[in-house]
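Number of protein chains: 2
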Amino acid sequence: MNSRITGSVRIVGAGLLGTSIGLALTKQGVDVAITDASPASAALAIDYGAGRAPHAQDEPAIIVVCVPPDITASLVAAELAAFPNAVVTDVASVKSSVLEALTAQNADLSRYVGSHPMAGRERGGAISGRADLFIGRTWVISPNQESSQTAVNAVEDLAHALGAATAKVAATDHDRAVALVSHFPQIVASLTAGQLVEADAADVQLAGQGIRDTIRIAASDPALWVQILSANAGDVVQLLKSLSRELDSVIAALEDPQAPGALATISKALDRGNQGVSRLPGKHGAQAAAYSIVTVMIDDKPGELARLLTEVGEVGVNLEEIKLEHSPSSAVGLVELFVVPSIEPHLSAELSNRGWRLV
Amino acid sequence: MNSRITGSVRIVGAGLLGTSIGLALTKQGVDVAITDASPASAALAIDYGAGRAPHAQDEPAIIVVCVPPDITASLVAAELAAFPNAVVTDVASVKSSVLEALTAQNADLSRYVGSHPMAGRERGGAISGRADLFIGRTWVISPNQESSQTAVNAVEDLAHALGAATAKVAATDHDRAVALVSHFPQIVASLTAGQLVEADAADVQLAGQGIRDTIRIAASDPALWVQILSANAGDVVQLLKSLSRELDSVIAALEDPQAPGALATISKALDRGNQGVSRLPGKHGAQAAAYSIVTVMIDDKPGELARLLTEVGEVGVNLEEIKLEHSPSSAVGLVELFVVPSIEPHLSAELSNRGWRLV
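If you read the protein sequences in the order shown, they are chains A and B.
The numbering of the first sequence is this note's numbering, which starts it at 1 and goes up by one.
The numbering of the second sequence is this note's numbering, which starts it at 1 and goes up by one.
One should not assume that every hint holds.
Identical copies go unnamed one by one, so any copy, or any two together, can satisfy a pair.
[Said to hold, decoys possible] With a straight-line cut-off of 27 Å between C-alpha atoms, the simulated DSSO-like cross-links for lysine-lysine are:
#1 K27 - K241
#2 K268 - K241
#3 K323 - K268
#4 K301 - K323
#5 K168 - K268
#6 K241 - K301
#7 K301 - K268
#8 K168 - K301
Don't read these hints as lab results, they were simulated from the structure.
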């Protein structure tokens with residue numbers, strides 16, 4: 001298979017992202033050298049087919065540094081120095097702190113273009129690597145003031161070769177955006193989930209899908225997130241302080257709900273929540289539509305969901321989203337089918353006619 | 001169809017819950033009278049088949065008050081007085097404040113048993129009513145000190161007739177539990193989503209599934225939630241204050257990540273988040289297992305998902321959960337299949353052999 005990439009690629013760091021990049025490029029016939037501070041990790045990635053061990057005479061066209069945020073800048077600087085003709089990028093989820101550190105070290109910034117593929121899994125490591133990890137994802141490209149057009153093009157070509165869609169975003173803009181949509185919610189989810197730790201088991205037993213969704217990302221890796229959060233602390237702190245102020249005003253209101261203005265304070269917070277959700281981007285980048293939900297009850301056994309979705313397919317309906325909910329106390333499952341509102345009556349009627357139990 | 005319910009049922013309040021109860025009981029052949037402060041709402045529910053209009057000579061065996069929390073107690077008291085032989089229950093999502101108000105009014109508590117079906121939809125109103133709404137859900141039954149056994153049995157029979165599983169939980173215990181698993185996450189989600197309101201559109205555009213899950217319930221109805229939160233303010237405030245303290249310590253740590261102990265504070269918050277998530281109940285009430293995830297890339301068109309799940313069914317695998325993710329920028333979708341870990345290698349191998357693209 002031919003690749004958009006000509007020349008060799010060197011990958012520094014054989015974790016989830018480095019291994020995934022190596023797997024995809026190797027499949028395309030690109031010559032990939034992959035290395036890691038841990039020889040065992042590098043050997044594992046090579047075993048998986050993510051590339052070969054580096055040679056002394058390697059002359060990579062592009063180098064991708066895929067290491068934790070706190071050592072990204074020093075490794076980018078080392079690679080820029082060791083390979084004076086190569087373009088170097090990194091995939092750290094913070095961009096300003098890396099650029100600042102490189103600037104302080106007088107690195108050759110013309111050959112450096114930071115980037116951040118918006119892809120990942122809750123599991124890390126080479127073992128989780130997948131050649132298709134980046135397909136259809138957004139890959140942020142953050143050129144700096146000195147980045148050459150050649151370097152920018154090379155990193156964009158890399159992202160496109162991996163199936164990603166690129167978005168050019170300056171480092172400071174990137175960091176502000178991910179502080180909002182990723183780092184801030186991470187802390188909120190973690191602190192919220194933390195309140196369950198000492199709770200009565202019987203209380204937790206009443207938990208449903210609401211809190212489950214709210215705290216899902218609190219299952220993420222603490223070691224990685226300490227680095228991300230401390231590297232983007234400035235933007236994150238602004239959001240947390242804003243949250244803290246509003247939280248305190250809601251607490252004051254709830255301490256005396258009959259006081260003048262108290263209910264208005266609570267209501268406003270809930271109303272702003274409605275507005276915030278409505279700003280999320282929807283399917284295929286469009287503004288989120290208010291999807292209609294058709295809920296179907298199925299027996300909780302293999303094949304039932306397939307049989308349902310086969311019939312949904314026969315009706316010719318495209319699902320926007322699907323949620324499966326197992327009843328905590330019986331052998332039935334509820335399937336929520338999200339569809340564009342105009343389709344809902346048709347789908348509901350068809351499924352009812354076919355004997356499905358709509359809830 | 002025969003019902004467990006003998007005698008007539010009177011439903012006060014023709015919203016989502018009242019209408020759903022009426023639909024289910026009417027289907028079972030029970031005589032149901034349904035009323036609402038809004039004649040139009042009552043008429044709509046009756047049109048849908050949720051019951052008939054009340055008659056002057058009605059002698060209901062059980063009365064279900066399905067109105068917003070702030071008027072629940074006064075309507076329960078009125079029903080107890082108007083029907084001196086009936087058992088009365090309510091479905092409000094707060095229980096202590098209702099019981100306290102009834103006690104203050106010297107209501108006949110022997111015939112009152114509070115309850116709370118843990119079922120709902122983000123949409124309300126009679127129009128969203130479904131006879132199957134309660135099937136497989138937990139229905140909390142909160143007897144008070146004076147509740148007669150006859151009254152408790154009647155409310156349990158009602159819940160069972162509607163397909164729910166009952167759990168007896170005292171009012172104060174119920175309120176503390178739902179403060180934790182429902183009311184507290186609601187405020188957190190709303191305040192977090194509120195931070196998106198004034199954000200740059202370009203920043204919000206980078207939002208992915210993480211923040212989407214974290215703030216999903218912030219789309220709930222503010223008018224209803226103001227009542228719920230103010231009626232359970234005491235328990236909710238304790239949790240919010242604990243969150244506020246921990247939030248402030250994380251803010252302080254992030255303001256100077258290099259200070260002694262700062263990284264440990266952040267790390268501990270993230271680690272407690274991990275622990276909290278692990279306490280959530282899993283499928284069928286079991287402790288949450290760490291499911292394995294098989295991610296499959298499919299064309300984003302009707303029938304593809306069904307074809308995939310048909311083959312999953314052929315392999316004989318029961319899915320624990322399924323998530324569908326549309327790529328923001330291409331015509332492919334990612335399907336995450338959650339399965340018990342021991343099954344994952346088998347499922348992955350089978351799907352690969354059948355030509356599916358695993359991610």
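Task: Intra- versus inter-copy proximity for K268 and K323 (alpha-carbon distance at most 27 Å) - done: neither (30 Å within a copy, 32 Å between copies)
Task: Intra/inter-copy verdict for K241 and K301 if alpha-carbon distance must be at most 27 Å - done: Neither. Shortest intra-copy (47 Å) and inter-copy (43 Å) distances fail the 27 Å Cα cut-off.
Open item on the list: Reference check for the pair K301 and K268, CA-CA at most 27 Å: within, between, both, or neither?
Closed with: neither (44 Å within a copy, 40 Å between copies)
Open item on the list: Within a copy, between copies, both or neither: which one fits K301 and K323 at a CA-CA cutoff of 27 Å?
Closed with: So K301 and K323 pass the 27 Å test inside a copy (16 Å) and across (18 Å) alike.
Task: Up to 27 Å CA-CA - K268 versus K168, copy category - done: For K168 and K268, the Cα distance exceeds 27 Å both inside one copy (36 Å) and across copies (35 Å).
Task: K27 and K241: within-copy, between-copy, both or neither at 27 Å Cα - done: neither (47 Å within a copy, 53 Å between copies)
Open item on the list: At most 27 Å between alpha carbons: which applies to K168 and K301, within, between, both or neither?
Closed with: neither (46 Å within a copy, 29 Å between copies)
- [ ] Give the relationship of K268 and K241 under a CA distance limit of 27 Å: within one copy only, between copies only, both, or neither.
- [x] both (18 Å within a copy, 19 Å between copies)
Hint compliance for this structure: hints 1, 3, 5, 6, 7, 8 are broken, all remaining hints hold.
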